[in-house]
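Q: Below are the chains, spelled out letter by letter.
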Amino acid sequence: MTQVKLIRNPRRNLLSVKDPVIRSIEKIRFKMWFCAIADSLICSALLWAWYIFILAAASHLVAITYFLQKVKAGAAAFAFAGICAGALRRPGMKAAALAGDATGLQDRLSAYLECIGKSGHVLEAFREEVLEAVGKFNPARKYRAAICWKRLWHCLLILMISAGILLIPSPRMEQAAQMQSVREDLKAEAENLKELAERIEKTSDDENRDSAAQPDQKLSRLLYDLAEKMEKSSSFEQAVYDVSQVQKKLGLHEYGGDANGAKGLAGIFDGAGNDFDEGKQLLEQGDAEGAARVVENKAPSRQAQQKVLENIDKIQGRIKLQEGGDAERLLEKIKTAAEKGELDGKLLASFLKQFTRPASGASQKSYAEKVETKLQSLKERLLAKAGSGFEGYGEQNKSSAFAEGGNTEGMKNGEPGTQDVSSVASGGEGMMASDSREAVGGSAVSGEAVDGRQGQMGKVQKEAASLLPDAGEVYSEEVKGQWQSGGTIQEKKSDRTIEIKGEFTNTKTLYRQFLAEGMEYVDKYEFPAEERPLVLEYFSKLNGGL
Amino acid sequence: MESSDVRNFRNFFEGVEKEVQKQVVGQDEIIKNILIAIIAGGSVLMEGAPGLGKTVMVKTFARVLDLPFSRIQFTPDLMPVDITGTYIVNKSESGLTFEFQEGPIFSSMILADEINRATPKTQSAMLEAMQEKTVTVGRNTFRLPEPFFVLATQNPLEMEGTYRLPEAQLDRFMFKLKISLPSEKDIYRILDVTVDRSEEPEIRKLACREDILAWQNHAAQVPVAASVKEKAVRLMMETHPDRTSLSIVKEYVNCGASPRGLQAVLRGARVRALAEGRFNASFEDVAKMAYAALRHRIFLNFKASAEKVDADVILDEILRRIK
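Each protein sequence line maps, in turn, to chains A and B. Its first residue numbered 0, the first sequence is counted upward by one per residue in numbering that gives the first Met the number 0. Its first residue numbered 0, the second sequence is counted upward by one per residue in numbering that gives the first Met the number 0.
Check before you lean on any hint, since a few could be wrong.
Just the calculated beta-carbon pair ranges, DEER-fashion [said to hold, decoys possible]:
| # | chain 1 | residue 1 | chain 2 | residue 2 | range |
| --- | --- | --- | --- | --- | --- |
| 1 | A | Gly119 | B | Ile202 | 52 to 62 Å |
| 2 | B | Lys21 | A | Gly119 | 43 to 53 Å |
| 3 | B | Leu169 | A | Gly119 | 55 to 65 Å |
| 4 | B | Pro258 | A | Cys83 | 57 to 67 Å |
| 5 | A | Gly119 | B | Arg242 | 18 to 28 Å |
| 6 | A | Gly119 | B | Leu180 | 39 to 49 Å |
| 7 | A | Gly116 | B | Leu212 | 43 to 53 Å |
| 8 | A | Gly119 | B | Asp195 | 17 to 27 Å |
| 9 | A | Cys83 | B | Glu306 | 32 to 42 Å |
| 10 | B | Leu212 | A | Cys83 | 39 to 49 Å |
| 11 | A | Ala101 | B | Ile202 | 28 to 38 Å |
| 12 | B | Arg242 | A | His59 | 52 to 62 Å |
| 13 | A | Ala144 | B | Gln220 | 43 to 53 Å |
| 14 | A | Gly119 | B | Asp27 | 42 to 52 Å |
None of these hints come from the bench; they were simulated from the model. Cβ coordinates follow ideal geometry from the N, Cα and C atoms, glycine included.
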């Protein structure tokens with residue numbers, strides 16, 4: 000008969016683990032716990048399989064980016080949850096004893112646990128008998144946990160079905176792949192922007208800790224915001240638009256005025272008489288300082304003052320001045336003086352000088368220039384990627400139109416038919432697509448203007464190209480094309496008349512107006528968001544490059 | 000008695016069984032259950048046709064266990080005093096004195112033969128004796144000798160001139176055993192033992208009154224795991240039509256087993272475990288004892304009688320559910 004020294008463990012109110020019966024129960028308990036974890040993991044695997052199934056099914060309905068990453072993350076999450084759930088299902092000694100009894104020990108183990116601490120002849124005999132039985136029977140070895148293998152098969156079946164669903168080709172999956180690629184690119188660009196913002200912050204902290212640091216913080220904040228937007232975006236066009244918006248903010252709000260702003264002011268002297276023609280011309284060239292010098296000694300007539308007042312009212316809606324800034328204050332002064340007939344050249348000159356002087360220190364201007372350069376190059380990169388990334392060249396469809404589910408039949412060079420106005424691509428709008436008309440800037444032969452106000456942009460460009468200051472001699476039938484895939488610019492000659500149906504205003508007049516107002520002219524009009532960057536780019540180039 | 004003696008219980012039990020089997024052939028399970036009841040301190044109601052050896056069995060047990068034995072033949076004109084005893088007047092030199100004359104119940108082993116032939120009034124004379132182990136006559140209560148064991152028999156065939164035992168009295172019996180006709184082989188052996196042999200087999204005394212009392216004490220200490228008790232309680236509850244989900248119980252049972260029945264099951268399970276050489280009662284023991292301890296405590300309705308559904312069938316279903 001096995002002799003066992005029974006040692007009481009006061010903390011756990013159990014016999015010491017030296018007791019073979021307790022040790023045996025502990026072993027069963029560990030096995031049960033292990034099985035509980037395995038069972039939970041199988042349950043998790045089943046849930047994970049359903050998750051993949053739902054993802055796979057949904058990927059045919061909506062574009063799901065980072066599918067593999069989502070699957071991996073799901074696996075990790077479900078595995079973690081499964082292990083935690085299993086770990087929490089740690090069986091007690093009583094449960095383990097019952098499981099041991101179920102192997103054929105006839106309730107000996109559970110009775111044994113309950114008899115700990117009790118004494119008597121029968122109990123003594125019972126303990127010895129249990130020790131003997133456990134020694135012969137070894138319940139820990141005989142214990143077999145009930146793991147539900149059926150669930151595992153179920154899981155495998157669902158995974159196989161999911162794999163089958165994923166193998167079915169789907170436009171949404173292709174779209175998701177493209178979006179993922181775009182996102183990767185945008186993320187990389189966003190990282191660069193963040194680095195730039197960090198550098199600006201660091202530099203401003205090191206160099207200038209006075210009040211001038213505040214605009215730098217705003218600058219870096221703008222860049223951070225842009226980076227965040229770009230990280231979330233999955234469209235190059237949207238990113239370009241966001242970059243343009245930041246560029247605009249940098250130009251107008253943070254630094255008071257610039258050459259573009261000065262150009263926008265040229266209209267202030269419209270109809271003010273010959274005395275102000277020189278000033279107006281200088282403003283149109285962006286030389287606000289020169290214009291201020293010229294105007295300083297002029298004394299505008301009453302009629303001229305009235306005209307200036309009218310012009311101020313006209314341009315005030317178009318130009319954006321820093322709120323509460325000197326420029327705004329001065330403009331109000333000019334208006335008041337003009338109303339009273341007391342407007343003089345000095346007041347006008349001091350107003351115009353606001354557009355020559357940088358608002359802050361040299362370092363900030365330097366940052367702004369740097370940022371501007373970076374943003375411009377970023378925009379160009381994004382535009383280039385938008386062209387090639389969405390495969391709008393050659394004989395491939397433009398993916399944005401494809402993603403919208405629009406009719407892609409008859410499309411060429413990303414120019415859809417007129418049925419879907421929201422999918423208007425760069426350049427002209429074609430009534431119908433034609434293989435022979437490759438140039439993006441060119442218009443289709445049968446193209447009809449569907450909107451008299453906008454007219455045919457391609458044709459406007461054609462005419463406008465001949466009016467560019469540095470364009471040289473441009474034949475009226477030569478249409479300036481745009482970048483094609485591979486970086487070449489393809490130009491096209493047209494033998495069609497320039498006259499455009501639905502064009503109410505002479506393009507020359509419009510062009511003059513554009514020259515006078517600068518990019519503000521473009522801002523007056525509303526464009527679909529996806530075409531906006533392209534329009535901005537077009538007018539920037541028309542304006543001599545941004 | 001020490002732990003080494005406790006370990007010898009199985010040998011003792013088997014020895015008693017073998018001695019009784021010398022005289023009573025083909026009723027091994029009945030012998031085992033009667034011995035379990037004796038050690039558990041309960042009484043047994045035995046139902047069977049005449050001539051199956053009921054009386055011989057009790058007599059043999061009394062001889063083997065060396066316990067005082069009384070036989071009471073129940074008849075319709077039997078009076079309670081005929082069982083319990085009564086005060087008689089003794090005329091002596093000092094005058095007339097009242098002296099209590101003990102009845103046949105003042106014995107350790109009582110054979111109440113054909114108990115259902117007596118009137119309910121007489122039957123009820125057994126109630127106090129079986130439950131309290133005392134007898135009250137007049138103003139005096141007399142303690143019955145320990146151990147006290149009643150083996151009552153009843154004939155299921157003859158219904159004329161019988162009084163069915165009331166539920167309260169049935170509940171006093173720890174076990175109800177159904178004695179059936181032995182197998183052909185066993186009947187040959189019965190003939191061999193009783194007819195062909197001129198002398199009765201020699202029956203040895205294997206224990207005494209003190210041994211029985213000691214065994215009763217030890218049996219009460221046999222551990223029963225809480226899980227086994229839980230199952231036993233469920234077993235009892237499942238016999239009640241308003242506490243069970245079993246359709247067979249709802250359909251055929253009028254009233255289920257009492258807690259006294261549950262006590263009987265566990266007491267029997269403890270002794271059975273010892274008899275099997277174990278020192279803890281398992282659910283297997285409980286299940287085995289459930290039939291003997293609960294079959295007379297489950298009161299079936301008329302539908303059950305009409306469709307010949309007995310309590311054992313109900314218990315089969317319940318045990319299948321609980322296992």
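Q: Now, for every hint given, state plainly whether the structure supports it.
A: Hints, verified against the model:
Separated by about 33 Å at the C-beta atoms, Gly119/A and Ile202/B break the suggested range of 52 to 62 Å. Restraint check, Lys21/B to Gly119/A: a C-beta distance of roughly 34 Å breaks the suggested window 43 to 53 Å. Separation of Leu169/B from Gly119/A is about 34 Å and departs from the stated range, judged on CB atoms against 55 to 65 Å. One distance hint, 57 to 67 Å for the beta-carbon pair Pro258/B and Cys83/A, is violated here, with the actual separation near 44 Å.
Here the CB-CB span from Gly119/A to Arg242/B is close to 35 Å, at odds with the stated 18 to 28 Å. Checked against the hint of 39 to 49 Å, the C-beta distance between Gly119/A and Leu180/B comes to roughly 43 Å, which is consistent with it. Hint check: Gly116/A to Leu212/B, Cβ distance near 28 Å, so the stated range 43 to 53 Å is violated. The hint said 17 to 27 Å for the Cβ distance between Gly119/A and Asp195/B, and at roughly 49 Å that hint is violated.
A hinted range of 32 to 42 Å is violated for the C-beta pair Cys83/A and Glu306/B, which are about 55 Å apart. At roughly 58 Å, the beta carbons of Leu212/B and Cys83/A sit outside the given window of 39 to 49 Å. Look at Ala101/A against Ile202/B: about 43 Å separates their beta carbons, and that is not inside 28 to 38 Å. The given range of 52 to 62 Å is respected by Arg242/B and His59/A, whose C-beta atoms sit roughly 55 Å from each other.
For the hinted restraint 43 to 53 Å between Ala144/A and Gln220/B, the CB-CB distance of approximately 35 Å leaves it violated. A hinted range of 42 to 52 Å is violated for the C-beta pair Gly119/A and Asp27/B, which are about 31 Å apart.
Hint violations for this structure: numbers 1, 2, 3, 4, 5, 7, 8, 9, 10, 11, 13, 14, all remaining hints satisfied.
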